Amino acid sequence: MSANLRPVTGFDVEAIRRDFPILHQQVNGKPLVYLDNAASSQHPRSVIEAISSYYERDHANVHRGVHALSQRATDAFEGARDVIRRFINAADTKEIIYTRGTTEAVNLVAQSFLRPTLKAGDEVLISALEHHANIVPWQLVCEQTGAKLKVIPIDDRGVVDFAAFEKLIGPQTKLLALAHVSNALGTIVPVAKYIAVAKRHGVPVLLDGAQAIPHTRVDVRALDCDFYCFSAHKMLGPTGFGVLYGRKALLEKMPPWQGGGDMILTVTFEKSTFNQLPWKFEAGTPHIAGAVGLAAAIEYLEGIGMDRIAAYEHELLTYATERLSKIPGLRIVGTAPEKAAVISFVFDDIHPHDIGTIVDTEGVAIRTGHHCAMPVMDFFKIPATARASFSFYNTFEEIDRLAAALEHTRRVLGG
Amino acid sequence: MDLKDLYRDVIVDHNRNPRNFGKLEPADARADGHNPLCGDRLTVYAKLDGEQISDVKFEGSGCAISVASASLLTEAVKGKTRAEVQALFDDVHALLTQHDANVDLSKLGKLAALSGVREFPARVKCASLCWHTLNAALDSQAEPVSTE
Numbered sequence: 005m006s007a008n009l010r011p012v013t014g015f016d017v018e019a020i021r022r023d024f025p026i027l028h029q030q031v032n033g034k035p036l037v038y039l040d041n042a043a044s045s046q047h048p049r050s051v052i053e054a055i056s057s058y059y060e061r062d063h064a065n066v067h068r069g070v071h072a073l074s075q076r077a078t079d080a081f082e083g084a085r086d087v088i089r090r091f092i093n094a095a096d097t098k099e100i101i102y103t104r105g106t107t108e109a110v111n112l113v114a115q116s117f118l119r120p121t122l123k124a125g126d127e128v129l130i131s132a133l134e135h136h137a138n139i140v141p142w143q144l145v146c147e148q149t150g151a152k153l154k155v156i157p158i159d160d161r162g163v164v165d166f167a168a169f170e171k172l173i174g175p176q177t178k179l180l181a182l183a184h185v186s187n188a189l190g191t192i193v194p195v196a197k198y199i200a201v202a203k204r205h206g207v208p209v210l211l212d213g214a215q216a217i218p219h220t221r222v223d224v225r226a227l228d229c230d231f232y233c234f235s236a237h238k239m240l241g242p243t244g245f246g247v248l249y250g251r252k253a254l255l256e257k258m259p260p261w262q263g264g265g266d267m268i269l270t271v272t273f274e275k276s277t278f279n280q281l282p283w284k285f286e287a288g289t290p291h292i293a294g295a296v297g298l299a300a301a302i303e304y305l306e307g308i309g310m311d312r313i314a315a316y317e318h319e320l321l322t323y324a325t326e327r328l329s330k331i332p333g334l335r336i337v338g339t340a341p342e343k344a345a346v347i348s349f350v351f352d353d354i355h356p357h358d359i360g361t362i363v364d365t366e367g368v369a370i371r372t373g374h375h376c377a378m379p380v381m382d383f384f385k386i387p388a389t390a391r392a393s394f395s396f397y398n399t400f401e402e403i404d405r406l407a408a409a410l411e412h413t414r415r416v417l418g419g
Numbered sequence: 002m003d004l005k006d007l008y009r010d011v012i013v014d015h016n017r018n019p020r021n022f023g024k025l026e027p028a029d030a031r032a033d034g035h036n037p038l039c040g041d042r043l044t045v046y047a048k049l050d051g052e053q054i055s056d057v058k059f060e061g062s063g064c065a066i067s068v069a070s071a072s073l074l075t076e077a078v079k080g081k082t083r084a085e086v087q088a089l090f091d092d093v094h095a096l097l098t099q100h101d102a103n104v105d106l107s108k109l110g111k112l113a114a115l116s117g118v119r120e121f122p123a124r125v126k127c128a129s130l131c132w133h134t135l136n137a138a139l140d141s142q143a144e145p146v147s148t149e
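Chains as they are written, first to last, in this note's numbering: chain A, 5 to 419; chain B, 2 to 149.
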């Protein structure tokens, strides 16, 4: 199928691509095809300019100085909190906790929300789809408290087993922690029905939204989740910055996680009193430019519209699935009925690292390995997959380039 | 960066048809190598006759570079003493990592086909895993080896 025959949702992808300077370069003598968006997305010029403008004009430490720059930096930093609040429809900016990313957000909940009350006999429930960041923090808190980590199985499409979940959840369950979208397979987990069941059992719910938030509209109040974690760098923002959304009533009861500056009101050697939300959880000088960059990224995403982004990416997924399925010997791993624009695959008996190296020489950037989801690889009895993950700045032609690079891979390895 | 430098005919051949592939039982020495990020995993077995490696085999799975490198290793070290293996390892290591390596390629035989790997730094760990694993086997090391 010729790429330009595809019906596209009136989406001017060429105009969008002009906003992303990094996309316009040659890699190994070929135009770059960047299909590693699930690992980290690229930045539109508006995000890069917001960050550099902050450093060129406004930088100072926040929350402290009475001088003009400190005030401007504080305004930008706290203004970003409201941009983020609106983007996920949280009720209050106090519910937006800045972190270093999804991983730190999950660790914060494990150590501050669960650890003080978790005890032997209690359980934390996750799914077999999770990224290591939504496994290991729970393992650590279980080791610290004697609680158990329970895992909802998945089926051979990469769909979480809802019936098994209903049997696993119970009065011993102290938290349900689920990926909203699987990074390794692209499965969109129908979290609403999981949350509904958890609510009936009085079990709080954390969603790992790192892979969902770049691709779909997230409304934390409609979802009715208790915690939602995400990273700026998966959604056009900078690395080293992310967000924990938490329901205010829960956050208020949680003790501080890390101690230091900014999170206190008064300090004496006998006792310190702690700042209010959200700063109670933000010890030390934060990544101010991270907040500025994320706010600019959200404004860019909203300028296009999350619904249009989701629709276009779905067309990319549909086309790529059809196109790659036609390559003899290629098997897609993860065939859930609802997927984000991620295709994990194995190709004959060619090791994914060979695929990654060879398609890179054709200018095509994909991810290979276990994608920080070793239990998912174990389930499918494979050491690794190759993964192409798409963003709204990718094109149908780029999918054709990937397919051609895969055909080339087989030729190089003598297949 | 030329792909043909990495995937030379010798490499492609040894990946598709690895030599000395399988278990060696009983073995005087064995060790496991595992690069968890890649998923490369192999076991190297050796039979020893005094200081000399009288037989060597490997099994496992991995990328073309790791499998071909292990296959080439088995051909190269059979019949060699430990000291000769160490000298060979030093040469291969220099070949894999240094552009200005002062290595006599004629002494390396087919192992010279690995010289293209140095243009692909991310893949050096694939080619060197089997060598570190053989060393661990000869040193009777129980812990699995990794080059990541």
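Heads up, some of the hints might be wrong.
[Unchecked claim] Result set (DSS-like, lysine-lysine): computed pairs, CA atoms no more than 25 Å apart in a straight line:
1. A/LYS123 to A/LYS154
2. A/LYS123 to A/LYS34
3. B/LYS5 to B/LYS126
4. B/LYS126 to B/LYS111
5. A/LYS98 to A/LYS123
6. B/LYS111 to A/LYS385
7. B/LYS5 to A/LYS34
8. B/LYS5 to A/LYS385
None of these hints come from the bench; they were simulated from the model.
Owing to the predicted nature of the structure, the values given are computational and were not obtained by experimental measurement.
Hints, verified against the model:
1. A/LYS123 to A/LYS154: The given pair, whose Cα atoms are some 15 Å apart, holds under the 25 Å limit.
2. A/LYS123 to A/LYS34: Answer violated: A/LYS123 to A/LYS34 is near 57 Å, above 25 Å.
3. B/LYS5 to B/LYS126: Answer holds: B/LYS5 to B/LYS126 is near 19 Å, not above 25 Å.
4. B/LYS126 to B/LYS111: Distance of about 19 Å is within 25 Å: holds.
5. A/LYS98 to A/LYS123: With a Cα-Cα distance of about 29 Å, the restraint between A/LYS98 and A/LYS123 is violated, given a limit of 25 Å.
6. B/LYS111 to A/LYS385: At roughly 33 Å apart (the allowed maximum being 25 Å), A/LYS385 and B/LYS111 break the hint.
7. B/LYS5 to A/LYS34: 17 Å, holds
8. B/LYS5 to A/LYS385: Outside the cut-off at roughly 31 Å; violated.
Hints 2, 5, 6 and 8, counting from the list given before, are not met by this structure.
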